[in-house]
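Whole structure, please, built from the sequences with the hints as guidance.
As they're listed, the protein sequences go chains A and B. Each residue of the first sequence is one higher than the last, beginning at 90 in the working numbering. Each residue of the second sequence is one higher than the last, beginning at 274 in the working numbering.
Certain hints may be false.
[Unchecked claim] List of simulated lysine-lysine pairs, DSBU-like, C-alpha gap at most 30 Å:
{"#": "1", "chain 1": "B", "residue 1": "Lys372", "chain 2": "B", "residue 2": "Lys510"}
{"#": "2", "chain 1": "A", "residue 1": "Lys575", "chain 2": "B", "residue 2": "Lys277"}
{"#": "3", "chain 1": "B", "residue 1": "Lys478", "chain 2": "B", "residue 2": "Lys612"}
{"#": "4", "chain 1": "B", "residue 1": "Lys277", "chain 2": "A", "residue 2": "Lys295"}
{"#": "5", "chain 1": "A", "residue 1": "Lys295", "chain 2": "B", "residue 2": "Lys275"}
These are computed hints drawn from the structure, not numbers from a lab.
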Amino acid sequence: MQITSFGFLLFAALLLAVYYLIPKRAQWALLLAASYCFYLWAGIEYLGFILLTTLSTYAATMAMAARQEKQEKFLAENKATISREERKAYKASVKRANRVYLIICLVLNFGILAVCKALLIEPFKTAASAGTFSFLSLGLPLGISFYMFQSMGYAVDVYRQTVKPERNPFKLALFVSFFPQLIQGPISKFGQLAPQLYSPKKFDGKQLSFGLQRMLWGYFKKLVIADRIAAAVFALRGPEYTGVAFFVLTVFYAIQIYGDFTGGIDIAVGLAQALGIKLPENFIRPYFSKNIAEYWRRWHISLGEWMKDYIFYPISVSQPMLKLSKAARKRMGNFGKRLPVYVASVATWLVTGIWHGLTPNFIVWGMLNCFFIVLSEECSGLYEKFHGRFHLKEKKWYGGFEILRMFILMNLIRIVDLFPRVGDYFARMGSLFTTFNFRILWDGTMLQLGLSALDYIILAGGIVLIFTVSLIQEKKGSVRELLWQKNPVLRYALIFALLVIVLLMGSYGFGYDASGFIYNAF
Amino acid sequence: MKKKSILILCVSLAVCLALLWLLQALLMPKYMANREGALIAEYYGNAGNNDVVFIGDCEVYENFSPITMWEEYGITSIIRGSPQQLIWQSYYLMEETFKYETPKVMVFNVLSMKYDTPESTKEQDQREPYNRMTLDGMRWSVSKWNAIEASMTQEEREGLGMWGYIFPLLRYHDRWSQLEAEDFQYLFRKEQISDNGYLMQTGVKPVMGEFTEAPLVDYTFGENSYYYLDKMVELCKSHGTQLVLIKAPSLSPIWWDEWDEQMENYAQEHDLVYINLLDSQEQIGIDWTTDTYDAGLHLNVYGAEKLSSYFGKILTEKCGVADRRGDPQLSAIWAEKVKIYHARKEEMEAQS
Chain A
90 MQITSFGFLL
100 FAALLLAVYY
110 LIPKRAQWAL
120 LLAASYCFYL
130 WAGIEYLGFI
140 LLTTLSTYAA
150 TMAMAARQEK
160 QEKFLAENKA
170 TISREERKAY
180 KASVKRANRV
190 YLIICLVLNF
200 GILAVCKALL
210 IEPFKTAASA
220 GTFSFLSLGL
230 PLGISFYMFQ
240 SMGYAVDVYR
250 QTVKPERNPF
260 KLALFVSFFP
270 QLIQGPISKF
280 GQLAPQLYSP
290 KKFDGKQLSF
300 GLQRMLWGYF
310 KKLVIADRIA
320 AAVFALRGPE
330 YTGVAFFVLT
340 VFYAIQIYGD
350 FTGGIDIAVG
360 LAQALGIKLP
370 ENFIRPYFSK
380 NIAEYWRRWH
390 ISLGEWMKDY
400 IFYPISVSQP
410 MLKLSKAARK
420 RMGNFGKRLP
430 VYVASVATWL
440 VTGIWHGLTP
450 NFIVWGMLNC
460 FFIVLSEECS
470 GLYEKFHGRF
480 HLKEKKWYGG
490 FEILRMFILM
500 NLIRIVDLFP
510 RVGDYFARMG
520 SLFTTFNFRI
530 LWDGTMLQLG
540 LSALDYIILA
550 GGIVLIFTVS
560 LIQEKKGSVR
570 ELLWQKNPVL
580 RYALIFALLV
590 IVLLMGSYGF
600 GYDASGFIYN
610 AF
Chain B
274 MKKKSILILC
284 VSLAVCLALL
294 WLLQALLMPK
304 YMANREGALI
314 AEYYGNAGNN
324 DVVFIGDCEV
334 YENFSPITMW
344 EEYGITSIIR
354 GSPQQLIWQS
364 YYLMEETFKY
374 ETPKVMVFNV
384 LSMKYDTPES
394 TKEQDQREPY
404 NRMTLDGMRW
414 SVSKWNAIEA
424 SMTQEEREGL
434 GMWGYIFPLL
444 RYHDRWSQLE
454 AEDFQYLFRK
464 EQISDNGYLM
474 QTGVKPVMGE
484 FTEAPLVDYT
494 FGENSYYYLD
504 KMVELCKSHG
514 TQLVLIKAPS
524 LSPIWWDEWD
534 EQMENYAQEH
544 DLVYINLLDS
554 QEQIGIDWTT
564 DTYDAGLHLN
574 VYGAEKLSSY
584 FGKILTEKCG
594 VADRRGDPQL
604 SAIWAEKVKI
614 YHARKEEMEA
624 QS
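Now the structure itself:
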């Protein structure tokens, strides 16, 4: 069931109605049932994957919890008789045992994820479709990258004892499968999401209204902007489009992926809000970023946080890294001090790239991001000197220049997503410096990309609207809160106007290709 | 305060719904220029007193004139035709017809037997618009629901599915950029464009040569087509209505001898009347240089009047359909229809 389908809207409407009518203590069970219905709708063949993740996570965390409890009991009972060293040694032995449970759980789940992703690339894809791996030739199970990361994050948190394990397997199943975020996140943390999922919710008209408004805004971004421009993005991938056309592709893809991904997240967060559940924000107007580090604090935040907590920090503080740090500091001075951070960054971006896909372009994408982050860090001293001399930061236009610079840089990095053969990507990049075919902007080429003049007008209007809303959000905060203060008639009129825009200008129905979400494929 | 908020919310919702309804009415095609899509909806205003109901595709609504049959034989008849109407649509239209009236004779044109599934029609890109021309005009009922279910192409199912029929606004949402004067002119009220389902054409375009088509690999009609034909037989039997199968005398698409044989056999097996009117062109008196408006695909009004005159006799003599001209109430109603028909004919002749 696509979340842009009318079946999904009916499903969500029914769920909301029943959710607030049934006894509050049963609400979480209803959410679990709804989540599994949603999952089953995608295909019963995928059920095994999510069940396996849920059960293996439950088993591992319960085993760890049992050890931890035993440890607490033992230490309490023998508080007076054992020495500090014995206490430390006992704790270490428990931790070692728990580490085994954790590793088994991680290897099992990430192994499944790796196999599923490997089957999307050659030569495994051909082998799978030929039946060699017939039991796994199902395509990528719905939301597997998202629910698996969420579950494994939880398992690590239990190991680290930062959260208490959930003893009710059904409640844990809800945490793993909560359907609004199943398709493309956000990836939530157990401590933040689980208490909300299980607690009773009173009907709150304002939250319901805000949630539905956010869903509508998400549909606008997805159906009016992302799905409309998708045809041109597809066309511009052709080998004949080089130079300026390639640059146009980078901009169009930036618009498409923004509308697609943030639109999908708005729908997920909005539906959760209507259910009284606050999901973490995944985007904070990323195209307003002035440097790459800021960009990654604003784009796909939940994945970035996950990588930071479970990849970057553990590597940074690991024993080999501490040794490296010590040795590098002696030999390389200040750079040596930063070296372990850079090594951890490389590892983190490598994993982030692989998370997106096992094809080389995603590895290159991760490494390019890492390269520019490190470069930016290494050049920070130079920047400071430059700005100390010219005082450009005080000028308003310079802020705009920084935003534009970052937008273009990220577009050029991001576009590698579309070129599984990395050589094609670099060839196109090269054409930016050799092919100056500006005429394609006015010689009619732009109208041969599957977009009419009217489509461009709609896109331009939509982008202006998104930009305006983003500016208001950046300067004044929540637009919905601002609207809430206004006359209700004006509020309803604006919401209705947006609904009509989505209904009339959305790319859906007969003659349009029903397109899924880009991040659904990751 | 709370009461006031709820009141504002309710009024706003009502206004929004009314505006959406208005928007839907505006965006739906009116079919006043491209008239074929308006035929199905016109039935309801003329239902109730028809002894003969014709069901089928363009070969019925462009070839038979109920007015001529009334004028010459006193037969009350109506056509439930629509472009490229498929057999399952014909069946559900038939089923729906019995909710409004029980005619003595139901005439079904068998050309659509050649299409076994929604996907097997020739012009796939045209399938959905043709579906809409038949189905949008039907009033909501179980028959309409089933007709939609049976008619949807794979693309339709994967897209809006049934929702596109329940809320046509979703289907026609992007027509806002193609709106024409007629969309505003006929927003609330449409003109009657047919004469009891007959779509008049007065132009003349003679047949230029012989029609040829590539021979088929397999001439056997599909299982699905027979399934719905069986259902039609059952349905008519259960209502005491005589089902007459016909093949209208259109020259193209070609009606193959192998198809004709299958229909002959079927009619024999089920004790039905099957008339291939292509075999009676001489008796009908069709002159293909003057009686067709599109070079043999369909008859113009002159050909349709000849065919109706011929077929009216069959209905009277073979099927026992009564002359109702003695009924003053019916005569009054039909007198008005006759007047409109001739006025339309004169007007169209003057224009062509």
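Restraint check for Lys277 (chain B) with Lys295 (chain A), where alpha carbons must lie at most 30 Å apart | holds, 16 Å
Take the C-alpha atoms of Lys575 (chain A) and Lys277 (chain B), compute the straight-line distance between them, and say whether it is at most 30 Å.
-> holds, 15 Å
If you draw a straight line from the CA of Lys372 (chain B) to the CA of Lys510 (chain B), is it 30 Å or shorter?
-> holds, 15 Å
Quick one, are Lys295 (chain A) and Lys275 (chain B) close enough, alpha carbons at most 30 Å?
-> Holds, at about 13 Å.
For the pair supplied as a hint, Lys478 (chain B) and Lys612 (chain B), is the alpha-carbon distance within the 30 Å limit?
-> holds, 27 Å
Hint compliance for this structure: every hint is met.
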